[in-house]
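Number of protein chains: 2
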Amino acid sequence: MATIQDIADKLGVSKSTVSKAINNAPDISETLRKNILNTAVEMGYTKLRRSKGTAPKLCVIIKNMEYEEPHQFGYDFIIGFRQMAEPAGFKVDVIPVTDTLQKKTPYDVFMLQNNYIGALVLGFSLTDPWMKDFEKSHTPAVLFDNYIPANPFISSIGIDNDEGMGLAVSLLKKLGHKKIGYLSSDLGSHVMQVRYKAFFHAMVQNGLSPEKDWAGSSYYITQCVENHLMRLLNMGMTAIICSHDLIANAAMIQCQQLGYHVPKNLSIIGFDDLPMCSYTSPPLTTIRQNRTELGKCGYYAISSLLNHVPIGTILLHAQLIERGSTGSFITNTK
Amino acid sequence: MATIQDIADKLGVSKSTVSKAINNAPDISETLRKNILNTAVEMGYTKLRRSKGTAPKLCVIIKNMEYEEPHQFGYDFIIGFRQMAEPAGFKVDVIPVTDTLQKKTPYDVFMLQNNYIGALVLGFSLTDPWMKDFEKSHTPAVLFDNYIPANPFISSIGIDNDEGMGLAVSLLKKLGHKKIGYLSSDLGSHVMQVRYKAFFHAMVQNGLSPEKDWAGSSYYITQCVENHLMRLLNMGMTAIICSHDLIANAAMIQCQQLGYHVPKNLSIIGFDDLPMCSYTSPPLTTIRQNRTELGKCGYYAISSLLNHVPIGTILLHAQLIERGSTGSFITNTK
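Chains A and B supply the protein sequences, listed in that same order.
So for the first sequence, numbering that gives the first Met the number 0 puts the first residue at 0; every next one is plus one.
So for the second sequence, numbering that gives the first Met the number 0 puts the first residue at 0; every next one is plus one.
Be careful, since some hints might not be right.
Claimed, not checked - In silico DSS-like pairs for lysine-lysine, Cα to Cα no more than 30 Å straight-line: (1) A:Lys135 - B:Lys172; (2) B:Lys33 - B:Lys14; (3) A:Lys196 - A:Lys131; (4) A:Lys135 - B:Lys196; (5) A:Lys211 - B:Lys14; (6) B:Lys177 - A:Lys131; (7) A:Lys196 - B:Lys131; (8) A:Lys173 - B:Lys263; (9) B:Lys211 - A:Lys211; (10) B:Lys135 - A:Lys172; (11) B:Lys196 - A:Lys131; (12) A:Lys131 - B:Lys62; (13) A:Lys131 - A:Lys177; (14) B:Lys135 - A:Lys177; (15) B:Lys103 - B:Lys62; (16) B:Lys196 - A:Lys196; (17) A:Lys173 - A:Lys62; (18) A:Lys33 - A:Lys177; (19) A:Lys172 - B:Lys196; (20) B:Lys135 - A:Lys196; (21) A:Lys178 - B:Lys196; (22) B:Lys178 - A:Lys196; (23) A:Lys135 - B:Lys177; (24) B:Lys131 - A:Lys173; (25) A:Lys177 - B:Lys131; (26) A:Lys103 - A:Lys135; (27) A:Lys173 - B:Lys196; (28) B:Lys173 - A:Lys135; (29) B:Lys131 - B:Lys102; (30) A:Lys196 - B:Lys211; (31) B:Lys173 - A:Lys196; (32) A:Lys177 - A:Lys196; (33) B:Lys172 - A:Lys131; (34) A:Lys177 - B:Lys196; (35) A:Lys90 - A:Lys33; (36) B:Lys131 - B:Lys33; (37) A:Lys196 - B:Lys172; (38) A:Lys177 - A:Lys263; (39) B:Lys131 - A:Lys172; (40) B:Lys177 - A:Lys196.
FYI, nobody ran anything at the bench for these hints, they're computed from the structure.
Nothing here was measured: the structure is a model prediction, and the numbers come from that model.
In isolation and in its complexed conformation, chain A is listed as follows:
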């Protein structure tokens, strides 16, 4: 790993100037600071070994995910992460980021100038600018529901979607269903691609023979219901698995308006186990992503990366939560 001396030598400046730039001292020009930080990052310098006296700092980088109220997806996630990281001596900051910030400041530079030695990254899509940075970055990052191959500084965490989809399809099969459809939101995110493949894989594993058009995906929930739900019902599906709970709930309401009884004529399964699932009518059978435990997985992953054990992936066991939206197949006639 490059030292402050290496950076000073490369740029022909003094060690103290490099040190000032890295520690955000005020008496150095913005242009020089930027130049020094970029060079430091190019040379693979990170702050890993530099936290004497003060608690080492981790951050939760978050986008497209709410986290301030107890019922929001990010809330328990961050609590789980803190429950492990803080007793281990880390300070944890939560940093919402925008596209603009990501475009202006490369990931490694952001981490270096803010003294973070590692990050848990929540809610990123495939098009977030830092996703490209992660391919080559040197600062440990743990990505929830995203995956970067072949960079030993980056880990991926999430639930085991293959296992979860397997549990969903097995339950429906046990209940007598054979024609099972799949409604997904847009396939522009890693996790939606994974679940889409997992659906077909689980169907085949269970001896069912899905055609390609047994699944449908759209960006907006309303589009998804409009474009695909009627189509699947007309094809004689007796059960529908949805890529997340919000679609499942929308589909359930729409089917009830069309005169279907859930679960007598149609079973529906969601994904995530959002707090609302207990309160829908009927309560929604779903695959739980335990958010507190995912936060803890995030800590296990960052801790291994900081210990130079390059864990690439941690998958939490998925859990089937059986509620009222699934039942034995009796008839699909309303």
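Here the structure of chain A is known, so what remains is to put chain B in place on it, guided by the hints.
Just chain B, lined up with the frame of chain A:
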């Protein structure tokens, strides 16, 4: 979780009798001890909360894998596990097991009567009797290169074989190879099935179009070379990936005897990075399974299970080690 009192109530014996059975006291009949242990296990009793004063005990359960000498596969694995577990206050025993032992004593009973609170399991095949036990067991176990779905007490660890195969195929493609064959040992083990699928997946991901007969598998290395190597060469393969280093080395020697020059006429890649890979002629390009780091992953996994965070899978980043057995495709004519 069941208590000693629950077990005593169920069997109509005293708490002290249950306690004697569980702690291997001598003044109790073998039949009664067995009955009590089986009942305790059925009721989900484990020793997790019972280690006062003495260090809690973990074990490495090992089969079909040598571990006593530094060059053997299990040696560094166990060192990595100990390097994490012992400073954390655990005592670690290494227990070689036979089929006979597994058939005689169920896994949970074995763990209970020997005071182990968790196990790292190395070298098991799909037919090992305890593989069935793991589906329902209550005592945390971390399986290397094996996978049990939907039991929150069982984790799986290994390298990311998809990533590793992706690195191997990408390298060969970059070197100009298009016709790439795959030699595998018998598909009766979980990891061999995973690598076999990973080969076809990586080929497709790289825009190559493998036919089913571009791969071949046999139980013995000699069979594998006899049955499939000539066949692949006659089909015009210019590179061959092997499911592990021993097959790669045997294939390399055989090709050289047939007059091929490795890597001028034929590139060969192994899997594992056994110590021998530096000494073969030419030195073997391979995908490294870092055994010390895998041992550490084993500890991360058991530690999470003991903390009630049901991690299902941990995959270590695979690493491409490029040596002399791969080169640019020039001609496949000898």
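The hints, checked one at a time:
1. A:Lys135 - B:Lys172: holds, 21 Å
2. B:Lys33 - B:Lys14: Holds, at about 16 Å.
3. A:Lys196 - A:Lys131: holds, 24 Å
4. A:Lys135 - B:Lys196: Distance ~28 Å between A:Lys135 and B:Lys196 Cα, so the pair holds.
5. A:Lys211 - B:Lys14: Roughly 60 Å separates the two Cα atoms, so the pair is violated.
6. B:Lys177 - A:Lys131: This hinted pair holds, its Cα atoms lying about 28 Å apart.
7. A:Lys196 - B:Lys131: holds, 28 Å
8. A:Lys173 - B:Lys263: With a Cα-Cα distance of about 56 Å, the restraint between A:Lys173 and B:Lys263 is violated, given a limit of 30 Å.
9. B:Lys211 - A:Lys211: holds, 23 Å
10. B:Lys135 - A:Lys172: OK: B:Lys135 and A:Lys172 at ~21 Å, within 30 Å.
11. B:Lys196 - A:Lys131: holds, 28 Å
12. A:Lys131 - B:Lys62: Between A:Lys131 and B:Lys62 the Cα gap is close to 43 Å, so the pair fails against 30 Å, i.e. violated.
13. A:Lys131 - A:Lys177: Violated. A:Lys131 to A:Lys177 sits at ~41 Å, over the 30 Å cutoff.
14. B:Lys135 - A:Lys177: Judged against 30 Å, a Cα distance of about 27 Å means the pair holds.
15. B:Lys103 - B:Lys62: holds, 16 Å
16. B:Lys196 - A:Lys196: holds, 15 Å
17. A:Lys173 - A:Lys62: Not satisfied, since the Cα-Cα distance of roughly 39 Å exceeds 30 Å.
18. A:Lys33 - A:Lys177: Not OK: A:Lys33 and A:Lys177 at ~60 Å, beyond 30 Å, violated.
19. A:Lys172 - B:Lys196: holds, 26 Å
20. B:Lys135 - A:Lys196: Distance of about 28 Å is within 30 Å: holds.
21. A:Lys178 - B:Lys196: holds, 27 Å
22. B:Lys178 - A:Lys196: holds, 27 Å
23. A:Lys135 - B:Lys177: holds, 27 Å
24. B:Lys131 - A:Lys173: holds, 21 Å
25. A:Lys177 - B:Lys131: holds, 28 Å
26. A:Lys103 - A:Lys135: holds, 17 Å
27. A:Lys173 - B:Lys196: Judged against 30 Å, a Cα distance of about 28 Å means the pair holds.
28. B:Lys173 - A:Lys135: holds, 19 Å
29. B:Lys131 - B:Lys102: Given that 30 Å is the threshold and the Cα spacing comes to 11 Å, the pair holds.
30. A:Lys196 - B:Lys211: With Cα atoms ~21 Å apart, A:Lys196 and B:Lys211 stay inside 30 Å; holds.
31. B:Lys173 - A:Lys196: Answer holds: B:Lys173 to A:Lys196 is near 28 Å, not above 30 Å.
32. A:Lys177 - A:Lys196: The hint holds at about 18 Å.
33. B:Lys172 - A:Lys131: With a Cα-Cα distance of about 23 Å, the restraint between B:Lys172 and A:Lys131 holds, given a limit of 30 Å.
34. A:Lys177 - B:Lys196: Answer holds: A:Lys177 to B:Lys196 is near 27 Å, not above 30 Å.
35. A:Lys90 - A:Lys33: It holds: about 26 Å lies between the C-alpha atoms, which stays within 30 Å.
36. B:Lys131 - B:Lys33: Roughly 20 Å between the alpha carbons, so the hint for B:Lys131 and B:Lys33 holds.
37. A:Lys196 - B:Lys172: holds, 26 Å
38. A:Lys177 - A:Lys263: holds, 15 Å
39. B:Lys131 - A:Lys172: Holds: B:Lys131 and A:Lys172 sit about 23 Å apart, inside 30 Å.
40. B:Lys177 - A:Lys196: OK: B:Lys177 and A:Lys196 at ~27 Å, within 30 Å.
Going down the numbered hints, you'll see the structure goes against 5, 8, 12, 13, 17 and 18, while the others check out.
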